[in-house]
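Residues per chain, in single letters:
Number of protein chains: 2
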Amino acid sequence: MTSDHIMNAYDQELKFLANRIAFMGGHAERMVDQAIQALVAANVDLARKVVADDMALDEAQRDVDDKAVIIIARRQPMADDLREIIGAIRISSDLERVGDLGKNIAKRVVSLSDAAQPIQLFRGLEALAQLALTQLKEVLDAYATRSVARIGQVRDRDDDIDAMYTSLFRELLTYMMEDPRNIASCTHLLFCAKNIERIGDHATNIAETVYHIVTGDLMPAERPKEDKSHKVVI
Amino acid sequence: MTSDHIMNAYDQELKFLANRIAFMGGHAERMVDQAIQALVAANVDLARKVVADDMALDEAQRDVDDKAVIIIARRQPMADDLREIIGAIRISSDLERVGDLGKNIAKRVVSLSDAAQPIQLFRGLEALAQLALTQLKEVLDAYATRSVARIGQVRDRDDDIDAMYTSLFRELLTYMMEDPRNIASCTHLLFCAKNIERIGDHATNIAETVYHIVTGDLMPAERPKEDKSHKVVI
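Line order of the protein sequences matches chains A and B. If you count the first sequence from 1, position 106 lands on 106 in this note's numbering, and the numbers rise without skipping. If you count the second sequence from 1, position 44 lands on 44 in this note's numbering, and the numbers rise without skipping.
So that you can see chain A by itself, here it is in the shape it has in the complex:
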């Protein structure tokens, strides 16, 4: 960089990316939270709002992508900054997907609103969503503070989400078997549960990206991908 002036402009550009990511993170969290609220309360209006809210997330992702390309083209980013910029592209893509998953839950509220569901099924979904949202908050904090001190826990806690998802899945199956009239609605709830479990996966992706941005390394102690291959999938 040739001058402080340019240095500052450059820093501002990087800051723009970080700010958009922060916006996307808060927005995606709120969408998921409100989608679950809408589901539990059979609140079709809130669900429609969540669906509409997804637009802002798509826009923000385009902003991040466009700005990232401009920054790379204009500056000659060093390794650190380049990781930061490519990392922003990745994180915004994960957050956009989290928003999509929240939107998908919201869309199901319309299909579900006329069938009364047993309250304990919602409790399970709420608890699962709470876990996933906590994960998301942690990784977004880690991104904002560039701190990887507690980031290893995120991946470990993803196992808790998987375990809770499995138990909820079995509960939903039982409920379907008890009464065939529950099948259509429980199928929606199965997909909602799956969506929340996927949100946890995206939080883990973000954790790995943040770790790479901050340290330049791959996150250690990654569970081998084959680990789960012999597990029965549900």
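No wet-lab data here; the hints were simulated from the structure. Heads up, some of the hints might be wrong.
The list treats identical chains as interchangeable, and a pair is accepted whether it falls inside one copy or across any two copies.
The calculated lysine-lysine pairs, modelled on BS3-like cross-linking and capped at a C-alpha distance of 27 angstroms, are [stated by the list, open to error]:
no., residue 1, residue 2
1, 15, 49
2, 194, 15
3, 194, 67
4, 194, 49
5, 67, 15
6, 137, 49
Just so we're clear, the structure is a prediction, and the values are computed from it rather than from any experiment.
Since chain A is already given, all that's left is putting chain B on it; use the hints.
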């Protein structure tokens, strides 16, 4: 670029990205195809092979990402090349997800292999997979030839996939309602169908990326995101 020598090295680097994407595309297609074969034939060995095959896709994605970062850092890519490089990162991420979805189908074969399923359900899944794989082939051809002449059709045909998915979904629900003993296995098939429908979405994403690489513009006549918001989701 200062010399033919460097020009060639640069071209080779871009070629490396394109080759890895071509490998990933072929590999992901084969994984999905074999996962469906394994499902229909209850072939657990083939399913395990598909699960193991996913490793190569993850590796190739890391290759693309690492190489893309190195190219950007070393060269000062112009707008065209930058779109090409960022596009490669995006496409490899979509293909890695396609592989994951194929792997997820393969994992379910183990859970499904001891329950006999009616053959017509498999036929529906096969037909759906065929449509999604055709889409994938088209967009990979478009990427390889940098031709966007027929790429608009890909997004239109994604509607066919959605319609076929919806019909298969209803069929599976009916089958679950007829006999509660079908519920657990049909739930797996529901998720398989959903995975295939998602593969179609990734093909559409890739179409949009290829369009952007080739033309520098966003793909026109995009269906407004809200279009589907009032549709009942299944």
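Do the hints match the structure? See the list:
Taking identical chains as interchangeable, the C-alpha atoms of residue 15 and residue 49 are never at most 27 angstroms apart, the minima being 29 angstroms within one chain and 45 angstroms between chains. Taking CA atoms no more than 27 angstroms apart as the test, residue 194 paired with residue 15 passes in neither setting, with 34 angstroms inside one copy and 38 angstroms between copies. Taking identical chains as interchangeable, the C-alpha atoms of residue 194 and residue 67 are never at most 27 angstroms apart, the minima being 33 angstroms within one chain and 33 angstroms between chains. In this homomeric assembly, residue 194 and residue 49 come within 27 angstroms of each other (Cα to Cα) both inside a single copy, at 22 angstroms, and across copies, at 25 angstroms.
Within a single copy, residue 67 and residue 15 get their C-alpha atoms as close as 11 angstroms, and across copies as close as 26 angstroms, so both meet the 27 angstroms cut-off. For a Cα distance limit of 27 angstroms, the shortest separation of residue 137 from residue 49 inside one copy, 22 angstroms, qualifies, whereas the shortest one across copies, 37 angstroms, does not.
The structure shown violates the earlier hints numbered 1, 2 and 3.
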